[in-house]
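Chemist: Sequence:
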Amino acid sequence: MKKYLIALSALAFATTSCYEKLNIAPPNAISNEQVQELLKTADDETIETILGAIANTLKPEMYGSGYNFRYSGNLDGTWSGQFIARLSCGNDIVKGNWQNPGDDYYNGENITGETNANNPSWWHRAFRMTTTANKAATMINEELIAENPSNLLKKYLGGIYVIRAFGYLYAQETFGTNSLGMPIYTKYDISQPAVARASAKETLDSVIRWATRADALFEAAGVGFKATPASDLTRGLTNYVIARAALLAVEAEGANASTYFATASAACDKMLGAGASLMTEEQYVQKQSGVTTIEGADYPVWKAATSGFMNFELNPEALYGFGWQYGGGGQIVTYANTWGGSYRIDDRLYNKIDPNDYRKDNFHPQIPADFPTISYAGASSFIDGGTSEVPTYWTSKFTNNVGLGGEVGNSNVTVRNRVDYAFIRLSEIYLMKAEIQARTGDEGGAKNTLNTLLNARTKAGATPLTCDNYQGMSGLSALQMVQLQSRIELWGEGGLEWFNNRRWNIPVNRQGSTVHWNPAMTYPVSQMTMKIPSEEISSNPNCQQNP
1 MKKYLIALSA
11 LAFATTSCYE
21 KLNIAPPNAI
31 SNEQVQELLK
41 TADDETIETI
51 LGAIANTLKP
61 EMYGSGYNFR
71 YSGNLDGTWS
81 GQFIARLSCG
91 NDIVKGNWQN
101 PGDDYYNGEN
111 ITGETNANNP
121 SWWHRAFRMT
131 TTANKAATMI
141 NEELIAENPS
151 NLLKKYLGGI
161 YVIRAFGYLY
171 AQETFGTNSL
181 GMPIYTKYDI
191 SQPAVARASA
201 KETLDSVIRW
211 ATRADALFEA
221 AGVGFKATPA
231 SDLTRGLTNY
241 VIARAALLAV
251 EAEGANASTY
261 FATASAACDK
271 MLGAGASLMT
281 EEQYVQKQSG
291 VTTIEGADYP
301 VWKAATSGFM
311 NFELNPEALY
321 GFGWQYGGGG
331 QIVTYANTWG
341 GSYRIDDRLY
351 NKIDPNDYRK
361 DNFHPQIPAD
371 FPTISYAGAS
381 SFIDGGTSEV
391 PTYWTSKFTN
401 NVGLGGEVGN
411 SNVTVRNRVD
421 YAFIRLSEIY
431 LMKAEIQART
441 GDEGGAKNTL
451 NTLLNARTKA
461 GATPLTCDNY
471 QGMSGLSALQ
481 MVQLQSRIEL
491 WGEGGLEWFN
501 NRRWNIPVNR
511 QGSTVHWNPA
521 MTYPVSQMTM
531 KIPSEEISSN
541 PNCQQNP
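Residue 1 is where the sequence shown starts when you use full-length UniProt numbering, and the numbers rise one by one after that.
Hint data in this document are derived by calculation from the structure and do not stem from the laboratory.
Everything numeric in this text was worked out from a predicted model, so none of it was measured.
Just so you know, not all the hints are guaranteed correct.
[Stated by the list, open to error] Straight line, CA to CA, 25 Å or less: simulated BS3-like cross-link-like pairs of lysine-lysine:
no.	residue 1	residue 2
1	Lys187	Lys59
2	Lys360	Lys459
3	Lys270	Lys59
4	Lys531	Lys201
5	Lys447	Lys270
6	Lys360	Lys287
7	Lys270	Lys201
8	Lys447	Lys360
9	Lys40	Lys135
10	Lys40	Lys187
11	Lys135	Lys59
12	Lys187	Lys135
13	Lys459	Lys447
[As the list claims (entries may be wrong)] Now the in silico label distances, taken between C-beta atoms and shown as ranges:
no.	residue 1	residue 2	range
14	Gly254	Pro372	54 to 60 Å
15	Thr292	Glu114	47 to 53 Å
16	Ala520	Glu253	33 to 39 Å
17	Ala520	Ser258	40 to 46 Å
18	Asn56	Pro368	40 to 46 Å
19	Ser258	Ser474	29 to 35 Å
Even glycine gets a Cβ: it sits at the ideal position worked out from N, Cα and C.
From just these sequences and the hints, can you work out the full model?
Modeler: Structure representation (structure tokens):
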């Protein structure tokens, strides 16, 4: 371990020549003790010089890749690909424009079993995050900030805590049960013995504790709640992790439900009161930007810059996310973009959206009359990259054929799918808050919270939507209203339909759909928990397999 610390320190010094600036021995001669002693009284410039490279390993874990060690090109190898896999096995997204894609995820075929070759990728993502955080904690820790209360050190340490917390939350949401949690490691030491799985409650308590500490450190360091183009970690993320973990902990064995509901509610209140606001109709509904005329024919132009879903400048509700320079929405946007993607909305959900709800305008049951066939930008022009036919029930929520900073032209300048992506939006927090109220018996409060969202989603000039006049919600309980509005509001985002269905015990049932390729398909909640990968079971004899 000591050699590892010295190597990290030496790397920082060697790459910046900072040992000359700081008047200390060259990197081959320094010791970890010297580095730690220097950091106790270091100013922010010195701290960044020594620790910046280490701290900068943290935030890329949220938008990482390389998780499938055997098949690097597989969908599950990236953060966004894993969410696409989850979105594919649901009720509300139809995958495939003109035929069943024959995809295991869409068809629900052995997608969580121990023998699935892709199964380890989810484990790798979760525990690469925790390992990266634990590595950084060998240099940046509570002992150090007790000696040097630098705000920059607090920001760095907060990043460690929230990345570790998110990693364990992701693992628990994917592999955990109401009784079984995860093997918990809080230090980086390859010689430490493998440990057994903690309980679900202990795991989620740890997640909440780490994220809470991260939030306190971020607050002290002046970190804000809103997403940034630089993909910075935010207090929106820390409180989101707290709320999501607490809602999961409600069902854990031995949990006091009221305690966790209160924890989740307090985290939601922080986010709701942080100054973010809901998108307007103009920001929410993506519209065609016009046409470009080539050889006498008009071709539609859809710019990412005009949508709040793809441009942080138009999204006042983004609490955490990824700027386009950091990959934006990755495959989430690629799959949902009509230009090249094949995600469509199921007719059963479309028909539940009120006509006065402008969110309905991001979905289109009919093939567009003015561009039934779309052309792709190619090597030479805006239209020489091939064509495809537009299907029914297509979506414009993430549609773009000109990305941020792009222009009409060949594929090098159109930069399709270059977008910002909001990983956490304020609307989801309203829905979480309403869920908490509904599940704790405050149906009136839940409806009032939902009414705030519905009012903001009402078309200009229409009577404001409420729980009482929303078409299709008559006779629903407050919790059922939350569940429906979550499906509408969060369609196509972050694998949320899968995770919500798992937590709410709602199976996949495509019966009655006229759009799904396999309307007889069902998928039980019992199979929404992945088996622990065989590689972990074989290397850790203390790790218990899921039932």
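Chemist: None of the hints should be skipped; say for each whether it holds.
Modeler: Hints, one by one, checked against the model:
Among the hinted pairs, Lys187 with Lys59 is consistent with the structure: their alpha-carbon atoms are about 19 Å apart, no more than 25 Å. With a C-alpha separation of about 10 Å, the suggested pairing of Lys360 with Lys459 holds against the 25 Å cut-off. Pair hint Lys270 plus Lys59 holds up; C-alpha atoms about 22 Å apart against a cutoff of 25 Å. With a C-alpha separation of about 19 Å, the suggested pairing of Lys531 with Lys201 holds against the 25 Å cut-off.
Proximity of Lys447 to Lys270 is assessed by CA-CA distance (about 20 Å); at most 25 Å being required, the pair is judged to hold. Simply put, Lys360 and Lys287 have alpha-carbon atoms about 13 Å apart, close enough for the 25 Å limit, and the pair holds. Between Lys270 and Lys201, the direct Cα distance comes to roughly 24 Å. Compliance with the 25 Å bound is thereby established for this hinted pair. Of the supplied pair hints, the one linking Lys447 and Lys360 holds, its CA atoms being roughly 21 Å apart against a limit of 25 Å.
At roughly 19 Å between alpha-carbon atoms, Lys40 and Lys135 fall within 25 Å of each other, so this suggested pair holds. Note on Lys40 and Lys187: the hinted pairing holds, with a Cα-Cα distance of about 21 Å set against a maximum of 25 Å. Distance hint between Lys135 and Lys59 is fulfilled; the C-alpha atoms sit about 14 Å from each other, no more than 25 Å. With a CA separation close to 7 Å, the supplied pair Lys187 and Lys135 stays within the 25 Å bound.
With a C-alpha separation of about 20 Å, the suggested pairing of Lys459 with Lys447 holds against the 25 Å cut-off. At about 58 Å, the beta-carbon gap between Gly254 and Pro372 stays in the expected band of 54 to 60 Å. Judged by the Cβ atoms, the range 47 to 53 Å given for Thr292 and Glu114 holds: they are separated by roughly 52 Å. The hint said 33 to 39 Å for the Cβ distance between Ala520 and Glu253, and at roughly 35 Å that hint holds.
Between Ala520 and Ser258, the C-beta spacing of about 41 Å keeps the proposed range 40 to 46 Å intact. Between Asn56 and Pro368 the C-beta distance comes to about 44 Å, which sits within the given range of 40 to 46 Å. Checked against the hint of 29 to 35 Å, the C-beta distance between Ser258 and Ser474 comes to roughly 31 Å, which is consistent with it.
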